[in-house]
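Since the structure of chain A is provided, determine the placement of chain B on it from the hints.
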Amino acid sequence: MSLVTRAPGPVVIDIENITKDYVMGEETVRALRGVSLQIRRNEYLAVMGPSGSGKSTLMNMLGCLDTPTSGRYNFNGRNVADMDDDELAAIRNREIGFVFQTFNLLPRATSLRNVELPLIYAGIDPETREERATQALIDVGLGDRIHHKPNELSGGQRQRVAIARALVNNPSIILADEPTGNLDSKTGEEIMALLEDLYQRGNTIILVTHERDIAAHARRTIHLRDGLIEMDHAGFIPELDAVIAAS
Amino acid sequence: MKRFLYELEESWKIATAQMRSNLTRSTLTALGVIIGIVAVTLMGTAIAGISVGFDKSMSVLGDDVLYVTQWPWKPVDDWWNYRDRKRIQTEYAEKINRIIAATPNSNLVVAVSTSSLMRSIKYGGNAVDNVFTLGTTSEFTLTSTINCKEGRFFNEIESREGAQVVVIGYDVADALFPSESPIDKSLLINGQLFKVIGVNARQGTFLGLFSWDSMVAVPLTAFNKYFSAKSASDVRANGAKGESDVRVKVKDKKRLAEAKSELTGILRRVRGLAPEQKDDFSINEQQAFKSTLDPVKNTIAVAGLFITGLSLFVGAIGIMNITFVSVKERTKEIGTRKALGARRRTILMQFLIESTALCLLGGFIGLVLAYFLCFGIGKAFPSFPIQFSFGLVVASMVVSVLTGLISGFAPAWTASRLDPVAALRYE
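The listed protein sequences derive, respectively, from chains A and B.
Take 1 as the starting number for the first sequence in the working numbering and just add one per residue.
Take 1 as the starting number for the second sequence in the working numbering and just add one per residue.
Don't read these hints as lab results, they were simulated from the structure.
Watch out, some of these pointers could steer you wrong.
What the hints assert, rightly or not - Okay, the calculated bits of chain A under chain B, using three or more residues with CB under 8 Å as the criterion:
no.	segment
1	57-66
2	83-92
3	118-127
Claimed, not checked - Pulled from the structure, derived: some chain B residues nowhere near chain A, Cβ distances all over 12 Å:
no.	residue
4	E10
5	A17
6	F54
7	V60
8	P75
9	K86
10	S144
11	I183
12	L256
13	R269
14	L273
15	K278
16	D279
17	V296
18	E427
Quantities reported herein were computed from a predicted structural model and do not represent experimental measurements.
Just so you know, even glycine gets a beta-carbon here, dropped at the ideal spot from N, CA and C.
Okay, chain A solo, but in the shape it has when bound (with noise of 0.2 Å):
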């Protein structure tokens, strides 16, 4: 595979010592542990690590979803670590595009809808909305489903039009978690074949998933481990993964 790799442009995401723990019952769960990383726009970051490792945690602070407990996470510059629930939710609308493993679609809504979701919440007018949601259904090559609804369209399509829900406000980053869990081998390499597509096309994807092969496609591997970065690489070391996959 030849991959192009794209000139890193500034800091979007800087991310300073920070910790979660989760309170479970008697027990403090310390997820994160101190996690420091820097992501700059135009990069193309895969997260990894075993279950337990911190990952989900670490994608729910890169997300937005969840602040830290404790720690310094600057975002575009701006400090997320203390905002409340609605400037995060407004951060995640404008500045972060999810794509989930489940796709998590509405499913009574057409594609069109469904990507127009976000626009909605930005607060854009229909007539914009619908011009925008039409050409990212476009872009991620579903011009012909856009009046389908997600039980009309298989796997791939269902993903595809979530990836054009989290394209269509032209946000900072781009954060698929297991984008191709739910999907077959094929179908899972059209979908990295098109997450290629964006980043060649000027977008930041930061990928989080357990599968070496779908790792592969990023320029930069981050592995976490009991809470911690344990190896923080450029481009894919299969001999190196291959020592982390078998310890």
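Using the frame of chain A, we list chain B on its own:
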């Protein structure tokens, strides 16, 4: 503001889609509200109907007429003080009228005597017992609105000469003359022939209150001549000359109090009371009657609305329940929406609109049902005054919306407070 409108529109779309896809569930839940709204609306029409019925009955009395009677129009505890009062004589009217005529700037217009007895009336093979038979003079039309459907009220000459003519109420006419016009027919009252000269228009009866429908009116002179009580039992039931009172029309109903004191003075003169003696008569007005009936009316209204309100409350609990279920079912959707940038109040509004839409639907169906029920009741019991008003439509819609908002609030609040991470992970 704009964003709010877009979110509102979006919420409305979701709500309608949600109702359509859960049709059975929505219908069953709405049924609670439908029943509640039907109950409350019917109670509302009944209360309005009772109110109109009272007012209609009251209007027979006239709001500018004073009634001189032996007994006051209110419950009395010391009945023995009233029992032995001198009776009100039919001759008083003439005396009062003379005094009115001699008084410059009198507040009174005219006095009219009436006497009444219960009498049997016959025509051909048809007979009606215990008809309220009123003896009065032609001036009666000045104190009371007489609305003749056919014919006319008796005139001054007939009144003075005691002509054997009668004006009959709608129900009496209906009972005696089911298939012909009563005008110029002669009927028997207490064995005396009276010619029908007028039939009153239908007034409607309510709770046995005054109504012209079941009365007949004859000239007082004829009444006195033919209808004095004959037997001892008749005297006991009706008094020797029946129940008499004097009605006095007031010039200006805004100055009722002055008119009342003027009339009191006149009556004391007529009755020949010494200054130290207490009044031995009662002067009544419509208002006094109203003030004894109003608490009854209000009690019916409060109790009725409370009881029917309970059924609406049960409906509201159903809505609350189903909204909780809906929130639970769609936890993941709520998580997704939050991830896409929905704020707390967006989610709050979405579920409030869902519960409100359900209540509005229920309210609307309930209102339509109530309308047809009212229509049916009106057809089946024409005497019951049903009032289905525009105000009632607005009120029940407002009640539906409020029910939706109140019952939806707790679940919607729960939804808006959901942690997005936990909601997204919910299966």
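Examine each Cβ of chain A, and state whether all of them lie more than 12 Å from the Cβ of V296(B).
54 Å, holds
Far enough from chain A: is every CB of that chain over 12 Å from the CB of E10(B)?
5 Å, violated
Any Cβ of chain A at or closer than 12 Å to R269(B), or is the non-interface label fine?
84 Å, holds
L273(B) clear of chain A by more than 12 Å, beta carbon to beta carbon?
At roughly 83 Å from the nearest Cβ of chain A, L273(B) sits farther out than 12 Å, so the non-interface label holds.
Going by Cβ atoms, does P75(B) stay more than 12 Å from chain A at every point?
The claim holds: P75(B) sits with its nearest Cβ about 65 Å from chain A, beyond 12 Å.
Just double-check K278(B) for me: nearest Cβ-Cβ distance to chain A has to come out over 12 Å.
78 Å, holds
Would you check whether the claim that E427(B) is not at the interface survives, using Cβ distances to chain A and the 12 Å cut-off?
The assertion about E427(B) is violated, with a minimum of 9 Å to chain A.
Beyond 12 Å from every chain A Cβ: check whether that's true for K86(B).
84 Å, holds
Per the stated criterion, does the least C-beta distance between V60(B) and chain A lie above 12 Å, as a non-interface residue requires?
62 Å, holds
Going by Cβ atoms, does D279(B) stay more than 12 Å from chain A at every point?
The claim holds: D279(B) sits with its nearest Cβ about 76 Å from chain A, beyond 12 Å.
Coverage of the segment 57-66 of chain A by chain B (three or more Cβ within 8 Å)
It holds: at least three residues are needed, and the segment 57-66 of chain A offers 4 whose Cβ sits within less than 8 Å of chain B.
Take a quick look at F54(B) and tell me if its Cβ sits farther than 12 Å from every Cβ on chain A, holds or violated.
For F54(B), whose nearest Cβ neighbour in chain A is about 53 Å away, the distance exceeds 12 Å, so it holds.
Violated hints, in rising order: 4, 5, 18; the structure is consistent with all others.
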